[in-house]
Amino acid sequence: MFVIIGIIIAVLLILFFYARQTIFFKPNQENLNHILTEVSDGIIECIGDVGKEPIIRLGLQGGYLNPDDDTFRLYNDTRISYLCYDIPKDEQCRNRMLLVSDMEFQLNDALKARILGCMPNIKSFSRGRPITIEVPNDLKVKTTIKIKDIDATVLYSIVIRSKDSQYKVQKGEFTKTFDIPLGDLYNAAHDIIDAETTSGDFDQLFYMIAKKADYKIYKYRPYPDKIYILKRSDNPYQFQFAVQGEPG
Amino acid sequence: MASLIKTKAFFEIILVVMSIFFISSLNVSAQQPSEQSCCEKTKSGESCVYTSSENCDRRFKSSNEECSESSFCETGCCFNDDGTCSNSASKSTCESKSGLFNKGISCSSIQLCNKGCCILGDNYFMATKQQCQEKSNLYKNLKMEFNPDITDEFTCISQLQNKERGCCVQESECIYTDRLSCTEGSMPPEQSLVQSPWQQSENSQQASATGNAVSPLVNQQNSQQSNQQQNYIGTIFETGKYCSQVPLCGCKAKHHKGCYDGDVYWYDSCNNREGIAQDCDFSNNNLCSKDTLKCESLDCKTTFDKKAINGNDIVGYDGVPRRNGESWCEYDGAVGFGQDLVGSRHYRHLCISGEEFIEPCKDFREEFCLQATGKLQTFNILEAACISNRWKDCATTCNTAKDKKTSAQIKLAMQYDRTCCEDPMKSCFWSAANNENIKKISGDAQKELSSACTDLNSNEPSCQPGDYQSSDPGNGVCIPIVPPGLKFWNDENIEQAKKTEQATADPVKTCETAKRTCTTYFYKNLLTGYDWKKVNTICLKKDFALSAMSYCKSLGDCGTKYNIAGKFSKLAFKCETSDGPCKGNKHGLSYNFINLDWEKEVGGLDAYTKAKPLQTKDFDLNGYKGMGSPDNPYGLANMLVTSIGGIAGTVISGVGLLMPVTTTATTTVAASMPAITLGGEGALAGISGTGGAASGAATSVSWVPLFGILIALVVAAFTLVLQLTAETDQIDITISCLPWQPPYGNKDCEKCTNKEIMEKLNFDTCSEYKCKSLSQNCKWIPENEGSNRTSCITTNINDVNSPKIKPWPEALTKGFKITEFQNGYQITPSPEGYALVSFGILTDEPATCKYALEPNIKYDSMPADFGDVFIDNKHMLTLSAIPNKLNEIYIKCKDANNIANEADYLIKFKARGGKDLTPPIILSSSIKNSAVISGTSTPLSLSINEPSRCRYSNKETTYEQMENPMVCSTDSAINSPSAKFTCSTNLKINEGTNIFYFKCSDLSNNINKESYILTLTGSPQLKITSTSPSGELDLNTITIEATTEGGSNDGIAKCSYTLSSKTYLFNQTDSTEHSTDLPQLSIGSYSIPISCKDSIGNSADATISFKVTRDITPPNLMFVYKQDNTLTISTDEPSACEYSNKDFAFGSGTLMDGQDKDHTLTIEKTKYSIICSDSFNNTGSLFTIYP
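Protein chains in written order, with the working numbering: chain A, 51 to 298; chain E, 23 to 1209.
Note that these hints are calculated values from the structure, not bench results.
Please note that the accuracy of each hint is not assured.
[Claimed, not checked] Think about it this way: if two alpha-carbon atoms lie no more than 20 angstroms apart in a straight line, the pair counts; the simulated SDA-like pairs of lysine to any residue are:
1. A:K139 <-> E:E91
2. E:K1031 <-> A:I94
3. A:K262 <-> E:V286
4. E:K151 <-> A:H240
[What the hints assert, rightly or not] A few chain A residues facing chain E, derived, Cβ under 8 angstroms:
5. Q142
6. M147
7. L149
8. T248
9. R271
Here a beta-carbon is modelled for each residue, glycine too, at the ideal position from N, C-alpha and C.
Using the sequences provided together with the hints, build the complete structure.
Shown next, in the form of structure tokens:
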């Protein structure tokens, strides 16, 4: 008997909550904003889920997600890109010119494919509610690599209207910020490449001291190349790259 | 006739000779196809890459030279469009990124590249002017300033601190900042574009303290104050006040501490910085610690104390505390002057902020570590650097004296050699002759020489005291300070050989410079009592072999040496004598170079495991001046004995018959006689210091009184008797210097990685050079380099044992256990059906392993890898358990010697039926993600771990809403834990990007929540846009051509044509333009099908149609007539006609006058044979005319 009563109460509660979400849903500005926030959170969560892996891989592979043959050194199972190529019989090397925009373009493509796979079903938010949701056919991704972090912005214009068109909310950009100091490490890498192209070597001791030990720079020498691994002392993210050498 | 034959023969000889030259020059000038090229652009879009020629995009340039030598990839400064500058950038790369290229100059000479202090609101950072402008465009509300006069970061950032600061009270927040930022409304710190290191730490402290960069006023506890704040509108800047001093803000003073600019500061409860709590001094190695919020020392409290293989302390100064910023050298053993262990390397250690870093110097000792003592305030610290080892000239360019013949030449050469050797830009050491040991050896040799001079009554100049003294302190020999490592092994594959190819450090050539030959001379005559006397006996003593080896070792990895594992190898010692074996007795002098106890002679391992560091007083990173050196007892001995031996040789070779006096004799013969003068002047044969050649000089004769003649005659007679009764002999000993060879038959390969350093400093010391030095059996695995897998493994060329397999319990999924039996184990308890189970095996030697589901399959035929493909000792696999079945996995492994197991190793487990609650897993697809597809559709199959039904769609949606079902094998009777159930379909592909979403549902209706996404690119269709020829052709040679467009590679394709049922490739193809010459075709119509295909299979077909209307009939004779002395013939078409008096072939006759239809000849004979041929090479038959 009590079991049956319990089941009935549970069902009623479920119906109540469902009805509240649908039948009793008022399509006012506040509720529309609430739905937009839910959608936005879903998109940002999706970006957060899929965005970290390519960013980490970009750092481990020296700024290139898919390095070509003869442009990387295999070390510790990682294809570490050369950012400076050997000039025969010269201590200096030839700058490959990795730019921040190059990395941003690669991340845009990589993130787009992944984000498409985890995007929430936005139109399902209108199910059972007196609202319409307009979404574009395609989305764009814009990555901005800053000093301390990386912004991954999905450009995807969503418009939520009440069915009577009295209320409307819209949002076109959804940004997730990753606490990854890629820009900062890139600048340090640029300084290293500058030294390698000018004098053929880089002294990490003086550099780390000058920067008050904010960076940790490890230098490995798998013959005949060099590998630099850069980290900030307050962040575990790693940017590493290779400088091509030649046998003595 | 004879002359004709001669002429012909002569002509033929000339022809043959010329053709030889021609063909050989063809060979010389013929270009070998180059495998590697510099590509201006590769197919994947990279620019200026030196790679395989196949990777080059043919629309751009490529060159067989290195990129830096090609015009399109020459280097210079590139001013990028984001305002940064790239030094030594390639022209093509710069231009492809829209940069401004400045050829051949450094960016420091370009004003645009000069950095200054960029001020943007309250952000201060170093940037170029354009960079500063670019940033300013992003933050238009901030005022931008650029100060080019500030060129260092520290000065730039300290501008911030000099600004007038105070509490900025705004609508809902209080921020401690500068006036400008407050009045212009700068962005909150978390949105700062770029921050100084100190700003970053401040912000992170703020962020970590409260979770917000700035605490809004609404967080205040005092509600009354809060109400007041919420009612406030506007901006106030309270100059010189902390926000805790502004009642409106309601912030509590000195609430907590934080790090800022390396010091400890107070922060109020709103997270605004206040006064300094503890002033740390970075120059005194103190800095604010984020953990303790106190000034902590940055020094390294302990450092790694490296021990040698025999437990010796290599250097006495390591393992001690180090100051922040200090660096020092570490070695693997003794360093310099031939002592470096084979496989050893130098390292530079650093102490930075309490952490010890290792920077290895370049391998093969192409760099060595040099250190000096410096001063940091009142402290003495070490400073070290890795310096390029410029050793190549030491034993060659700076050792010219060894090739000189006369003592004068030797002396001069020595001076040059010493200057050359002591050049600070070289890494050489002048090993001088003032060593006591060398003096003793030299002294003994000189004594023997003097004795010979007396016994043989020689007047050689070198017999006189005061001439060339080999132990002259100015003399010496030049050797590398640090002998280089050499590649003393042959690579197993070409790719690996390319990586470590040392083009100029040929080990054989490097070592053979130290090859030494020494000759001991024997003589006897009346004065010696006919007992054998010896000169230069050092050659037969072990001292000579030791000195030869000492010099040999100093040149590199040559001769007899210890390796880094402490194993001695004498495999590279080679001795030869002119008498045969290197052991024997010659005229009472015994010698034995075969049984030398090398290890004892060189001082044992202990002598090579203690390093005296390479140190210089004048520390200069760009060069070095002056080096201390340890003793080197045998360094010069080998040179000295050679030089003395040479002199002795000349003396000994002077023994023989007396020659007549000459007036103008000048001889250069090894065994020439000294000319004797009868009193007065007389020049004797000149002496060469390295023995052998002698040159005579003119002598003169003068008359003397009679008494003098008598005495001279007596002396001459005596000398004659001496020389006639003298006998000589010699023995040559040659000690070769060969590249060092590692020892055999040991298991030292695992010592390549120093486990202690790996544990304490996470640094792997193993390299190919070190690995190969440990043993002949060591194999280098390049794929494992830098990973935690073994990169140096033991292989035994005589090893006949396959790897031994045993269980690896740690790899087993939790909750299971192993029950071992012979040659296998069982996993219990039974897992659920379709559950993923992980398990593993260990092998006693590095191996690769495979498995099958049936027994007794040979290793090479096994279908799947057990674990990954790397050679390793540990192997792990994860499989899905087939329900209601005994799952059996049969495993075999193969070692580095290619010896595989014969017997299977079995792992088994029984899986229960169980309730399947897990959705299916799509393991893989038959097409790789991001693949480029040709055509409008492509078959696809997915591998799934269990029987399922799958669907797909072009948009992300639920499984039920996916429109396209796939065809799946749901046969759960396929009994295989690794069985890949498949679902297949035919995907429609559009041009451009195609994204497909796949979801599956298993037989228990468990459905994937997340889609398996496949992105494919449909390549544009390949098209043949034009063909030729067409219409009517009357040519002999017909060329067919085609042009292609589209496809996966912008029209680049391979085309072929079919003629007479045979298909041929176009001669010019594999691009967008295709052409080929057809063989001669007869008259008629032709439709030649052509087919083109690109690299991914896009194809296009077309037909080339044309008609051949070429004339194929020869000219016909129309009429013949004779007029006066002229014979005229007419043909029916323009032609060329030839005649002769006998039968001939067209081409070998005499051409008749006239090219059109009429042809004439002057009648001289009674019979003419004529042949005519038209312009289409239709030749008629011969006809005869009797005029």
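Q.
Flag every earlier hint the structure violates by its number, smallest first.
A. Violated: none.
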